[in-house]
Amino acid sequence: MQPTKTYVYTRDEVVEFVRFKSLEKGYDPAEIFRNFAAGDWRHFSQMLEAYAFCAMLPKDDPVFTE
Amino acid sequence: MTPSSPSNWSSTVASLRTASDGRLAGGREAPGHFERYVNLLFRLTVAHKDSAIRLSRLAASSTVWALTGGHDPRGGGAIRLTDGRYLRLVALLELDVSAGRQLRFQAMTWQYQNAIDDDSWVFRADYSRAQIAAASPPRGHLHIDGTLRHPDVLRPKQPLGRVHFPCRRPTLEAAVVLLADEFGVPTNAPHEVWRAAVAEHEAKSARLFDA
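Residue numbers (this note's numbering), protein chains in the order written: chain A, 1 to 66; chain B, 67 to 277.
It should be emphasised that the hints constitute simulated quantities derived from the structure, not laboratory data.
Where hints are given, some of them may not hold.
[Said to hold, decoys possible] What follows is a set of in silico ranges between Cβ atoms, one per label pair, in the way DEER data are often shown: (1) C233(B) x K25(A): 24 to 34 Å; (2) A38(A) x H257(B): 45 to 55 Å; (3) E16(A) x P217(B): 41 to 51 Å; (4) S128(B) x P3(A): 16 to 26 Å; (5) T10(A) x Q224(B): 40 to 50 Å.
[To be verified] 20 Å max Cα-Cα, derived EDC-like pairs, lysine to aspartate or glutamate: (6) K5(A) x D116(B); (7) K25(A) x D138(B); (8) K5(A) x E95(B); (9) K25(A) x D183(B); (10) K59(A) x E31(A).
From the three backbone atoms N, C-alpha and C, an ideal C-beta is built for every residue, glycine too.
Bound conformation, chain A alone (with noise of 0.2 Å):
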């Protein structure tokens, strides 16, 4: 094993990277910070990535309800 590495994002680089993974996914962001919000995190084992920078930002971050 290579030495670990700790990644520290900004609120808009968290917002990119869900919405990066979404895309690459073939998702639509939207509905991806929608699904989270609404507690269904369906694609789960897919989406895990995305779902987990969600749940970094604050519950009333404006991008859930976008």
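Chain B: place on chain A using the hints.
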């Protein structure tokens, strides 16, 4: 002393113990200890020497963390294994403020797959502390990609890979044992070394899941 002798692994085993204690102690250092624990666990067992994991968090908050296979944030989250295949790993960790800032899994998935992308998977374990879909599968469950000898036991057009086999706490130690003992993935440390380490720490890892 040969490279594979148990004594060569004593410092790794000691570091694993320290990291294990640290992840269970809670507080802001716990995620870092957990990341180190996972690194050392896989180093002892089934990880290729070039494999990696990473930890991610928001700058403004230190209560939610993502642990993912690989160093490349735009990669698929896979850890390269000693057999040339991959284990895709994503874990959502949170410091539970209602429980003294203890580290908890909110969600996790690990998947054994033939290629670095996830089109050719073999088995997968999923865990979510919360409900993850309207259909509400068990919090912890295992999927297997295969074909039944008696496919008529499933509903029409339901592949085996969509069946949720309940498994309460899919620990990473369980993943390692499954890979090494059942799928023959070579381990880096001798059997008696990594087996003793897994036995020492797996029960403790259960504390990171739901009560």
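E16(A) paired with P217(B), Cβ distance criterion 41 to 51 Å: 43 Å, holds
Is 40 to 50 Å a correct range for the gap between the Cβ atoms of T10(A) and Q224(B)? 43 Å, holds
Determine whether the Cβ-Cβ distance between A38(A) and H257(B) falls within the hinted range of 45 to 55 Å. 47 Å, holds
When you check the alpha-carbon spacing of K25(A) and D183(B), does it fall within 20 Å? 11 Å, holds
Decide if the proposed pair is consistent with the structure: K25(A) and D138(B), CA atoms, cutoff 20 Å inclusive. Holds - the C-alpha atoms of D138(B) and K25(A) are around 17 Å apart, at most 20 Å.
Is it true that the CA of K5(A) sits at most 20 Å from the CA of E95(B)? 15 Å, holds
Check the following: the C-beta atoms of S128(B) and P3(A) are separated by a distance inside 16 to 26 Å. 21 Å, holds
Between K59(A) and E31(A), does the CA-CA distance stay at or below 20 Å? 16 Å, holds
Hint consistency between K5(A) and D116(B) [alpha-carbon to alpha-carbon, up to 20 Å]: With a Cα-Cα distance of about 14 Å, the restraint between K5(A) and D116(B) holds, given a limit of 20 Å.
Should the hint that C233(B) and K25(A) are 24 to 34 Å apart at their CB atoms be regarded as holding? Distance hint for C233(B), K25(A) holds at roughly 25 Å.
Every hint, counting from the list given before, is met by this structure.
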